[in-house]
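Participant: What follows is the residue order along each chain.
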Amino acid sequence: MEHIIKNGIVYDPLNEVNGEQMDICIKDGKIVDSVSEDANVTDASGQIIMPGGVDPHTHIAGAKVNVGRMIRPEDSKKDAESLAGIKRAGSGFSVPSTFMTGYRYAKMGYTTAMEAAMPPLLARHTHEEFVDTPIIDHAAYPLFGNNWFVMDYLKEGDLDKCAAYVSWLLKSTKGYTIKIVNPAGTEAWAWGGNVHGINDPAPYFDVTGADIIKGLAEVNEMLGLPHPIHLHCNDLGHPGNYETTLASFDIPKGIKVNPKHGSREAVLYATHVQFHSYGGTNWRDFVSEAPKIADYVNKNDHIVIDVGQVTLDETTTMTADGPMEYDLHTLNGLKWANCDVELETGSGVVPFLYSPRAPVPSAQWGVGLELFLLVNDPGKICLTTDSPNAGPFTRYPRVMAWLMSNRYRTDMIENKIHKWAQRKTSIATLDREYSLYEIAQISRSTPAKVLGLSDTKGHLGVGADADISIFNFNPETQDPSADYMAVEEALSNASYVFKDGEIVVKDGAVVNIGIHGRTYWVNSLYDAELEKQVEAEVEKVFKQYYSVNFANYPVQDEYLPRSNPVNGVME
Amino acid sequence: MSEIILTPKEQPQVPLEANTITPDSFAGKNIDEISNIAIWNGNKQFRLSEFFDVQGESAENPSEIKIIIDGDIYNTKRIGQSMTAGEITVKGNANMYVGAEMDGGKITVEGNVGSWAGQDMKGGELTVLGNAGDYVGSAYRGDWRGMSGGLITIHGNVGNEIAEYMLGGKMVIKGNVAIMPGIHMNGGLLIIEGNVVARTGGEMKGGTIVVKGVIDEFLAGFKYLGVERNIEVEGEIIEGAFYKFKGDLATKGASGIVYAAVAGNGHIVPK
Numbered sequence: 007m008e009h010i011i012k013n014g015i016v017y018d019p020l021n022e023v024n025g026e027q028m029d030i031c032i033k034d035g036k037i038v039d040s041v042s043e044d045a046n047v048t049d050a051s052g053q054i055i056m057p058g059g060v061d062p063h064t065h066i067a068g069a070k071v072n073v074g075r076m077i078r079p080e081d082s083k084k085d086a087e088s089l090a091g092i093k094r095a096g097s098g099f100s101v102p103s104t105f106m107t108g109y110r111y112a113k114m115g116y117t118t119a120m121e122a123a124m125p126p127l128l129a130r131h132t133h134e135e136f137v138d139t140p141i142i143d144h145a146a147y148p149l150f151g152n153n154w155f156v157m158d159y160l161k162e163g164d165l166d167k168c169a170a171y172v173s174w175l176l177k178s179t180k181g182y183t184i185k186i187v188n189p190a191g192t193e194a195w196a197w198g199g200n201v202h203g204i205n206d207p208a209p210y211f212d213v214t215g216a217d218i219i220k221g222l223a224e225v226n227e228m229l230g231l232p233h234p235i236h237l238h239c240n241d242l243g244h245p246g247n248y249e250t251t252l253a254s255f256d257i258p259k260g261i262k263v264n265p266k267h268g269s270r271e272a273v274l275y276a277t278h279v280q281f282h283s284y285g286g287t288n289w290r291d292f293v294s295e296a297p298k299i300a301d302y303v304n305k306n307d308h309i310v311i312d313v314g315q316v317t318l319d320e321t322t323t324m325t326a327d328g329p330m331e332y333d334l335h336t337l338n339g340l341k342w343a344n345c346d347v348e349l350e351t352g353s354g355v356v357p358f359l360y361s362p363r364a365p366v367p368s369a370q371w372g373v374g375l376e377l378f379l380l381v382n383d384p385g386k387i388c389l390t391t392d393s394p395n396a397g398p399f400t401r402y403p404r405v406m407a408w409l410m411s412n413r414y415r416t417d418m419i420e421n422k423i424h425k426w427a428q429r430k431t432s433i434a435t436l437d438r439e440y441s442l443y444e445i446a447q448i449s450r451s452t453p454a455k456v457l458g459l460s461d462t463k464g465h466l467g468v469g470a471d472a473d474i475s476i477f478n479f480n481p482e483t484q485d486p487s488a489d490y491m492a493v494e495e496a497l498s499n500a501s502y503v504f505k506d507g508e509i510v511v512k513d514g515a516v517v518n519i520g521i522h523g524r525t526y527w528v529n530s531l532y533d534a535e536l537e538k539q540v541e542a543e544v545e546k547v548f549k550q551y552y553s554v555n556f557a558n559y560p561v562q563d564e565y566l567p568r569s570n571p572v573n574g575v576m577e
Numbered sequence: 717m718s719e720i721i722l723t724p725k726e727q728p729q730v731p732l733e734a735n736t737i738t739p740d741s742f743a744g745k746n747i748d749e750i751s752n753i754a755i756w757n758g759n760k761q762f763r764l765s766e767f768f769d770v771q772g773e774s775a776e777n778p779s780e781i782k783i784i785i786d787g788d789i790y791n792t793k794r795i796g797q798s799m800t801a802g803e804i805t806v807k808g809n810a811n812m813y814v815g816a817e818m819d820g821g822k823i824t825v826e827g828n829v830g831s832w833a834g835q836d837m838k839g840g841e842l843t844v845l846g847n848a849g850d851y852v853g854s855a856y857r858g859d860w861r862g863m864s865g866g867l868i869t870i871h872g873n874v875g876n877e878i879a880e881y882m883l884g885g886k887m888v889i890k891g892n893v894a895i896m897p898g899i900h901m902n903g904g905l906l907i908i909e910g911n912v913v914a915r916t917g918g919e920m921k922g923g924t925i926v927v928k929g930v931i932d933e934f935l936a937g938f939k940y941l942g943v944e945r946n947i948e949v950e951g952e953i954i955e956g957a958f959y960k961f962k963g964d965l966a967t968k969g970a971s972g973i974v975y976a977a978v979a980g981n982g983h984i985v986p987k
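Protein chains in written order, with my numbering: chain W, 7 to 577; chain R, 717 to 987.
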């Protein structure tokens, strides 16, 4: 099947195309140089063309996401869609059902989204939900930061065994990266406590957050993984936590970057940094320290961050940071679900109202935007809302509009939100406005590159997957800064979305679910002998402590309708 | 007031979803158009006239419309859901969700109703002359923001967990109540003229519950404050002598009030 998209205005940062009118040719799901005269023609005159969006950090599949759906029938009630054409019915504003998740990403021109927290024991459930999530390519990040084996090997100082274990677990769970959440803290939560900062040891294991970050960052490069360690720092959401954040950022500095696939330059990916940029000692004397965090990112090249922008909605928080969710529950008094995942991790779920009229959410809104506007290089910062934690992913177009329009932000600050946004952050003094090119960076090229997938994702060069989004907004006649509502509307409802070369969205509606999305996972072999030895050790522990049999633990290939392994080291 | 009379035909085995039977949806339509209003039965849509004979006269404005359902609709749900004005009278029984999310106007049911009557009600008046099921004037499942305004009066008995998460408005139960009336209540006034089985005001944080009958078992989380006579609540005087309690102190920062009639409730007062 051949397609040609004619006359669109293209933003493709990885190929340094900035608003040029050009044609895009597609053949057999890939972008090619030219097509025959028989190609289907799509006219994109006066419209924006970008690569398909890439979400590097979201919560869309797996056990805790489903707990979010189950404990919030009121969230489902407020946003339900009935059966329409090829679309199934579904519901959920902040935690949509799986099918609706796929449709809604596609509708905004997003074609790849990564589930950012997969308990290894519950990998099967996560992949089952991927099977029912249409259109988008995806991957899941297994949780390693509070894993007993990891902590044991690090305590013994045996990085080789730790690397062999990580390699085995990534394969067994069909996982993509080393996710670290509140290292040592979630394990402490299993004992009813938490850790404070990076130098507080986990009970029994006696390794600190700093030890875990350092050890796993080294393991990450020993294995040559496509993505750096993916870190959710300690002390999330606590006033004064920026010092912990900066100290955590410094830990992997100096480790040599070594991806076997892709071309990332970072050895650390720090996620939802907005929640980690707070000064003060409590919520009264709280103040934004986003400028210090942004300054660090500007001065260092070993790090890429995502923001976790607060969207000022009623949403559902969900994380493997179990103790943080308990704190949140005691703060807002709303219902709370908690889960302890045996030898691996934990999680919690609590609804949250980021009311624009309330002081703290308004300040958090300002902190997130400060990060976006104060980090100079859009090649170091990704657009996320840590969906649904700071707001649902369906608000990405609104966040983009805020970034492109100082007028939109000023209207928010002056008329719609609490004065803490001005008093506690510097947002009212920042007049930088993102260009469409920079929007394409933070939502396309930067995440694709830091994920190690920029050979086929996040750009429109020859050889890329034909994942393409087209938006009905004419940058030659319309100004996103002035006409921010129009740009938000256009970005919310793509006029066309191509996935693997097929039209899946037309005029803001899903018209075709195409072929199933790829599941990316990392295949590596650190040291065959050592991996066997580690596997035997793990099996022994399984018999003693796990609730499942060792043989039932790994996810079989049958769980991945479209398996896409990415190689790390293979020895 | 224009009257529209709906005479029920045989009730289907699968409940009818009648959220389109409101003055709001009838307003501005003639009788033919009203007869053709869509109504769900199971997974199929039907016309209203397939389940009701429609007669009478409509009006432009919902506040000028009175709908009379002249018979028993025991298997019809969601009568008057989300209505904002006008009147509905049901001359028989009705099923679940009568007056759910109601914001104004008046509903009177002469028989009994199912559960969830007046769920998430915001305004208006809902009167049931018979009994009601569970969850009268409660929140939507999972939500922590329940009935916020209006008046519900049930002349008969009711089931469990009425006024759950109530925030405002008033509810009067003239008969008896099963367990957990006013559970998680945060505001508003609940008056129970009959008896309560147990757990009045469990985990309530605000609002007022007045029980004129006997509470069989009371919760330990309430602090006894003494006897008050001719109490004043939400601007009205309720005559008689009442034991006054504050709670449910099992919940942080709770300041709900329960009044229990002195007559018959001596057993719930600390010795």
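Read the hints as simulated data drawn from the structure, not as lab findings. There could be a bad hint or two in this list.
Taking lysine-lysine and the BS3-like style, the derived pairs with C-alpha atoms no more than 27 Å apart in a straight line are [what the hints assert, rightly or not]:
1) 84(W) with 921(R)
2) 838(R) with 422(W)
3) 83(W) with 725(R)
4) 341(W) with 968(R)
Participant: Are any of the numbered hints broken by this structure? If so, which, sorted upward?
Facilitator: Violated: hint 3 alone.
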